Each structure stands twice: as C-alpha cells, then as structure tokens.
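Asker: Here are the chains, one letter per residue:
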Amino acid sequence: GQNIDQPTEMTATEGAIVQINCTYQTSGFNGLFWYQQHAGEAPTFLSYNVLDGLEEKGRFSSFLSRSKGYSYLLLKELQMKDSASYLCAVRVSGGSYIPTFGRGTSLIVHP
Amino acid sequence: KAGVTQTPRYLIKTRGQQVTLSCSPISGHRSVSWYQQTPGQGLQFLFEYFSETQRNKGNFPGRFSGRQFSNSRSEMNVSTLELGDSALYLCASSLSGTAQETQYFGPGTRLLVL
Numbered sequence: 001g002q003n004i005d006q007p008t009e010m011t012a013t014e015g016a017i018v019q020i021n022c023t024y025q026t027s028g029f030n031g032l033f034w035y036q037q038h039a040g041e042a043p044t045f046l047s048y049n050v051l052d053g054l055e056e057k058g059r060f061s062s063f064l065s066r067s068k069g070y071s072y073l074l075l076k077e078l079q080m081k082d083s084a085s086y087l088c089a090v091r092v093s094g095g096s097y098i099p100t101f102g103r104g105t106s107l108i109v110h111p
Numbered sequence: 001k002a003g004v005t006q007t008p009r010y011l012i013k014t015r016g017q018q019v020t021l022s023c024s025p026i027s028g029h030r031s032v033s034w035y036q037q038t039p040g041q042g043l044q045f046l047f048e049y050f051s052e053t054q055r056n057k058g059n060f061p062g063r064f065s066g067r068q069f070s071n072s073r074s075e076m077n078v079s080t081l082e083l084g085d086s087a088l089y090l091c092a093s094s095l096s097g098t099a100q101e102t103q104y105f106g107p108g109t110r111l112l113v114l
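Residue numbers (our numbering), protein chains in the order written: chain A, 1 to 111; chain B, 1 to 114.
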C-alpha cells in the first residue's frame, strides 16, 4: 500500500518563508504532485516532481529526494492569500496513474 | 478554455435516498476521476473513467457507482445514502490519465446527508 505523511497544520508570518514536508512510502514511484486548496474551493496544481532536485516556480519551489521518499514545498515571501491547505500526492508506477493524496497541511499565515 | 464544472454545487439529502452528481471535464480531456474529501480522511479516490469505461476503482462500497458518456461527461451515483457519505465530492480531468499528466479539479459538490 501507500503511506503519505504531512504535518496537519503550520503557522507562519506574512513575508516569511515556510517549508511543508511530505514523506512517502509507496510500492514504486512515478511522480509527486503538490496542490493548493483554499477553503471551499477546488485543489489547484502547484508543482510536479519526478526527478530528484529542486523545481522553482516564482515564490513556490518543490524539492524531491526519491531515495529518501521525501519532498518539500517551499513558500517564500508569504502572503495572507497563501493561507490554504497544501496537498502532497504520489503517483506509483506499474499500473494505475491515479495519485494517492496525503491528508494535507493547513497553512495559516498571520500578519 | 473552460475548466472542469460540477453540478450541483450543494446538495442536502436524507439517509436512504440516492443522489447523482455530474462532472463536465475540460474540453478534450477524456479521463475523469472522482474523489471524496472529508476532514478526517482527506482526498480519497473513488474511480476513474476513460472512454466510457471504468479503468480504475478505489476502495468504496458498491453503493458508489459512476459512468461516462461519449462526450466524456461523467456522473457518479450514491445509493442508499448514509450519514458518513457527507463530504465534498471532487472530480478531476486529464487528457488521457497517463503518467506525467496533471489532473485539473472541479469546484466540487458538497453533499450533506441528514
């Protein structure tokens, strides 16, 4: 089976940097997604990593280490609108391409 | 390009009733997946349809079913509703549901079972 762990909740200050970790134990690996979900809204795609390393996209960066089963999402220059749930999802190889989602990390950004 | 749309957005039903939810994928997308999201369990996969065929299925009871039409629109049905079925039901579409592709989510249907 698959096991994906993320912290339940994190708080940070506007303008700061926050790192949201995700660890996974899966039978095979074929990519890791990060999604952002504001309360009452649909998840929106942030990033996709399939190779080791850092992918930077504006204020958001995502890192992957396949050997450690570990990823993080880094948010810089935090804004109040970044308050949302961040979902880590892993796609396993050898069959279905449907990703398995973690329970999400609720990020609260305060002034 | 229009995004994924879901109808209705909100629904209130009572135990024992049945419900049908609808999802229209992004134009050109042929894979549609359904998820149930609850505070306790997070996002859980229900099933995926591609070319009118159920291609993948999660671990949900047979009360949960779905179908896909030739225009890729999909419906899911829940029969004999239980209180625990109260959740946000999300559908997501992608071109063909293969590796490297991103899923795009609709706004969801919030179902409350009383």
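The set of hints was computed from the structure by calculation and includes no laboratory data. Computed from a predicted structure; not experimentally measured. A couple of the hints might just be wrong.
Distance windows between CB atoms, simulated [unchecked claim]:
id, chain 1, residue 1, chain 2, residue 2, range
1, B, Thr53, A, Lys68, 33 to 39 Å
2, A, Lys81, B, Thr53, 39 to 45 Å
3, B, Pro61, A, Gln79, 20 to 26 Å
Using N, Cα and C, we set each Cβ at its ideal position, and we do this for glycine too.
Asker: Take the hints in turn and mark each one as holding or not.
Answerer: Here's how the hints hold up against the structure:
At about 38 Å, the beta-carbon gap between B:Thr53 and A:Lys68 stays in the expected band of 33 to 39 Å. Remark: the range hint 39 to 45 Å for A:Lys81 to B:Thr53 is upheld by a beta-carbon distance near 40 Å. With their beta carbons about 42 Å apart, B:Pro61 and A:Gln79 fall outside the hinted range of 20 to 26 Å.
Checked against the numbered hints above, the structure breaks only hint 3 and satisfies the rest.
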